[in-house]
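What follows is the residue order along each chain.
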Amino acid sequence: MGLELFFRKPKNELEKGGRNRPRGAEMEYELTETCPACRYETPQSVLIENLYVCRCGHCYRISARQRIRYLTDRGSFKELWSDMESEDILNFPGYPDKLESMRISSREKEAVICGTARIGGSDCALFIMEPYFMMGSMGTVVGEKITRMFEYATEQKLPVLGVTVSGGARMQEGILSLMQMAKTSGAVKRHGDEGLLYITLLTDPTTGGVTASFAMEGDIILAEPGATVCFTGARIIEQTVRKKLPPNFQKAETMLKHGFIDMIVPRSEQWHVIGKLLMMHRRKGAMG
Amino acid sequence: MKSAYEIVTAARSKDRQTGQNFINGIFKDFMELHGDRRFADDPAIVGGLAMLDGVAYTVIATEKGRDTKSRISRNFGTPHPEGYRKALRLMKQAEKFNRPVVCFVDTSGAYCGIGAEERGQGQAIAENLMEMMALRTPVLSILVGEGGSGGALALSVANEVWMLENAIYSVISPESCSNILWRTTERAAEAAESLKLTAADVFELGVIDRIVSERGGDAQRMFSALARDIAEWYRKMQSKSAEELTEARYARFRRFGAGPFERQGAGT
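Sequences listed follow chains A and B, in order.
Counting from 1, position 239 in the first sequence corresponds to residue 239 in our numbering; the numbering is continuous, with no gaps.
Counting from 1, position 99 in the second sequence corresponds to residue 99 in our numbering; the numbering is continuous, with no gaps.
Simulated from the structure, these hints should not be mistaken for lab results.
It is possible that some hints are incorrect.
To be verified - Within a straight-line C-alpha distance of at most 25 angstroms, the following computed SDA-like cross-link-like pairs (lysine to any residue) qualify:
hint, chain 1, residue 1, chain 2, residue 2
1, B, Lys240, B, Arg228
2, A, Lys244, B, Glu118
3, A, Lys189, B, Arg89
Here the structure is a predicted model, which means the values were calculated and not measured.
Modelling step: build the complete structure from the supplied sequences, incorporating the hints.
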């Protein structure tokens with residue numbers, strides 16, 4: 001599935017990537033990535049240096065491991081519960097195969113990575129969702145790992161950073177995936193009631209059951225520029241209301257305007273901003 | 001035995017009792033309270049005070065409407081964020097005055113619209129989940145028709161969750177599920193089977209505590225049986241402290257999906 005796209009002849013100029021593609025001499029020898037927003041082709045080496053942000057500001061989708069690399073102090077990340085894998089509890093059609101292919105293609109066991117780390121010198125617990133594993137959809141393992149992360153952080157008196165990217169609840173686990181919304185929310189609430197900080201960083205896209213639970217429950221809610229943040233996807237809304245949607249509907253910038261996000265933070269500043277926020281919430285008498 | 005999709009059809013039937021009927025059929029002296037104190041009064045959610053067996057309850061129900069006109073004015077029982085905020089306001093009020101809360105849930109889901117998104121549908125649901133979990137008063141939710149995903153869950157973080165025999169509870173509608181799986185809505189019946197959304201299936205998974213008999217469609221008999229059961233439920237809850245109630249509620253939801261991993265011995 002999807003492979004045919006690579007072998008298919010482009011139908012038109014747009015599919016080829018548009019005319020007049022900018023191409024410096026040095027790029028000829030290197031793999032490049034084409035920006036879906038401005039069509040500019042950036043060489044891999046430049047992209048890595050720029051944390052996968054195009055010169056137009058478009059944030060490329062990146063894996064959870066890549067995020068850990070630039071969000072945490074070097075060598076400080078310690079992963080927790082890395083062995084947990086989903087099971088096909090409901091005998092849902094095609095789910096075991098889907099899980100297997102996702103494990104192979106993403107090289108992850110599930111759609112969230114949890115652990116502890118230091119950011120700008122402050123200790124924290126963190127969970128980072130994985131877009132390359134079923135688009136970060138939340139099943140029982142994702143819900144369980146995030147719940148454990150909050151319970152662990154409550155016990156250890158640690159702040160939590162959550163980086164979200166998700167298509168929502170995982171249909172293949174039916175009603176049990178819906179229950180994860182309540183379960184995680186309960187753990188967030190208990191963590192917060194102990195006077196502990198929870199920061200969320202919403203990345204593209206954060207939707208559905210994840211928006212309607214722990215993504216929107218942060219004390220401080222940050223978002224990556226241009227990220228889509230919504231409960232219901234734009235296509236479904238368009239079909240329902242049969243109206244043209246306003247420009248930039250459900251973009252982080254619009255959500256900021258409507259009062260649902262505290263700050264939009266470019267990728268290059270996220271480590272700094274989060275480090276500073278953690279520092280400002282350090283508990284009196286506590287180290288790290 | 002009915003197929004899953006026959007139950008889906010029954011749960012959506014226009015002849016089914018709606019939220020307000022449950023309130024008026026079970027409780028006495030219902031007094032409706034309006035508004036979320038922030039933006040508006042959402043007609044898709046009805047809430048207020050009512051008496052049962054000498055006890056004042058806070059009752060909340062999604063309301064689909066009974067004829068074309070009222071269905072339109074009730075937005076077909078699909079709440080906006082202000083509906084969830086009104087419900088939460090009434091639940092907080094119940095907490096303040098130490099009243100039990102009973103919710104009757106029948107919604108295809110939270111409304112998908114421009115205003116709903118702009119006013120934070122996701123945030124409103126998230127806040128209900130978080131706050132209901134910590135509510136220091138007994139909460140009972142009864143799924144009486146459609147239990148449509150997050151929009152239904154936002155009124156169902158309760159100490160006990162009951163479900164009528166022909167109600168459904170699902171993370172996605174069978175039509176959307178079929179569309180995602182097979183790119184057609186025509187296999188919704190198959191999708192309904194796979195989703196395990198009937199009361200019997202959901203009970204089997206441990207997600208609900210009780211299946212409520214519809215008494216062969218005799219609404220009056222169902223209401224009087226429910227009145228008895230709710231009063232009995234409250235007598236059971238009455239003796240519990242606020243800590244016991246919130247602890248039990250947390251534990252109730254904490255167990256979902258934790259099983260298999262314990263067997264593998266993973267984690268700390």
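* To do: Mind listing which of the numbered hints don't hold for this structure, in increasing order?
  => none
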